[in-house]
Every structure is written in structure tokens, then in C-alpha cells.
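K.L.:
Listed below are the residues making up each chain.
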Amino acid sequence: MILCNTEIQKAIDESRLIIRPEPLPRRPTEGKQCPYGTHSVDLALADEISIPRQGTYVIDRTRKGSLADFLAQNSTRVKIGAGQGYTLEPNQFILARTREYVELPIPPQVDTCLAARIEGKSSRARCGVLVHFTAPTIHPGFKGTLTLEIINLGPNAFMLSREWRSRS
Amino acid sequence: MESCLRCAVAPGQFTGEYAVSATQSSGEGFSLFVDEKLVDREQPQGAEGRGEGWLRVEVIDRRGDQALIKLPAEPLEVGQFVTVKANQLASQCLQSSRR
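Going down the list, the sequences are from chains A and B.
Residue numbering for the first sequence follows our numbering, beginning at 1 and increasing consecutively.
Residue numbering for the second sequence follows our numbering, beginning at 1001 and increasing consecutively.
So here's chain A without its partners, still in its complex pose (with noise of 0.2 Å):
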């Protein structure tokens, strides 16, 4: 079952689903961007962005035990400040992470608990811009903020942007 916007807010005032910050406003409002769509609710860009190094070395999942420590010497980190953006190159991939906290409890008295997708927007993917290619699924449980994988495979650069959102 796909919750539509009003359940979706019913869901956070109930607190089976928690965003932090909330997402506001809950309905169109004049001068402000609402980010409810009829089944889905935009989230945005948090200030880090996390840019793996090429180099000669081979990502190998055989060497158990290793690889999160592999990952993380091997990539930049780099901040996005406050009304500027990051240029992604074509064919550049980069990992970003999103501003809002988002939680699924499994309350222990309760039959059914909630799950959620994580989506990019179609306007973005016109572009060539891809968003949580793979693993889109926010178990029940999970509690974070959500690192998102961002591609370019269109033929331009692509500007990202601390207003820039994702959909889940």
C-alpha cells in the first residue's frame, strides 16, 4: 500500500513515520514551496558531499572486514556552503546524504509498521541525473539520515544545490 500525502502526514503526527526536520508547509502555501507531492514527500540536500578518489586500487568484497574503512580513505569530503552549489561533471558519481533525519519505528505492540522509497525526480533524470540507483528501500527500523548515490550519465554538468531534493 502507497500512503498519499495526508496519510503520509498522518503517519508523522502519529509517529510511526519521524522526518526531522518536518517537511513544511503540509499544503501549497503562496510564497513557500510545499513539499508533499500526492503520494511522496520531497527531502533536501544536507551541506556534505562525499567524492570517491579514482585511483589504481580494485574494490574487492572478498577482503572481508575492510571494505567501509577502504571507502572512506578512499573519498573526499567536501561542504556545500549556503547558496552554492556542487558542479557534477558528466559521468562523475558522487554520495550525498539528506538534511532530514528519517526514522521507521517497529513499535513493539503493533501489527504493521511502515517502509519507504527513496526516488529521484523525473525532471533530474531528464537531465541524465541519477539518484539511489540501487537499494532504494528504507527498511522499518531504520533510522538516519539517508546517503543517497547521485550519478551523472547526461552530457553536461549538473549543478546540485542545498535546496536541491529528492523524493521518497
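Heads up, none of these hints are tricks.
Partial list, derived from the structure: chain A residues whose beta carbon lies under 8 Å from chain B: (1) 48; (2) 50; (3) 61; (4) 64; (5) 65; (6) 68; (7) 72; (8) 77; (9) 95; (10) 97; (11) 144.
Worth flagging that the hints you see were computed from the coordinates, not collected in a lab.
Heads up, the beta-carbon is just placed ideally off N, CA and C, and yes, glycines get one too.
Take the given structure of chain A and dock chain B to it, following the hints.
P.N.:
Relative to the frame of chain A, chain B by itself:
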């Protein structure tokens, strides 16, 4: 039941995140990225912020010298539920470095 797993800790890919690695009872290692609030680090830290610490985990079952635990996030190499040696667990993390 919450418990704490002995682990190696290094900086993650983002601010506020650690790259954590530990060992299953089979001897195979696993690693994951976790929020720094889930880790209590031992002092002093080594070069480049590396060191040892304790990761908050949920113990699902204990049998003999082994324990089945649920990790706070899915590791990059294996699933979120792993079996570790019980002596790698402590009932309390480091009180002194708790946030």
C-alpha cells in the same frame, strides 16, 4: 537486549559517521558505516583518528560462547544479523565517552 561489540573504528565517508569493523565467530570480518552516536571510542585515538571502540548492537540470542546480534546498519560484506564470539560483547559501553 542492547549490548556493545568490540570493534575497530575509523573516520567514515561523512562528518558524524564512523567506519567500523569487527569479526564474526567464524573469523571473517565485516565492516559498516554507522552514526558516531552509536560508537563509544577508547582513548587515545591513533593516527588519522583510528582506534578501538564499542558499537551498540542488539543481542538476539546467546548460545555457549557465541551470540547472534543485530547490527545497527547492514555491513558491506554480510547481512545485518551476524554471529560473534560472546567475549567480544560487553553489557555496557564506555561510560566515560558516552554522549
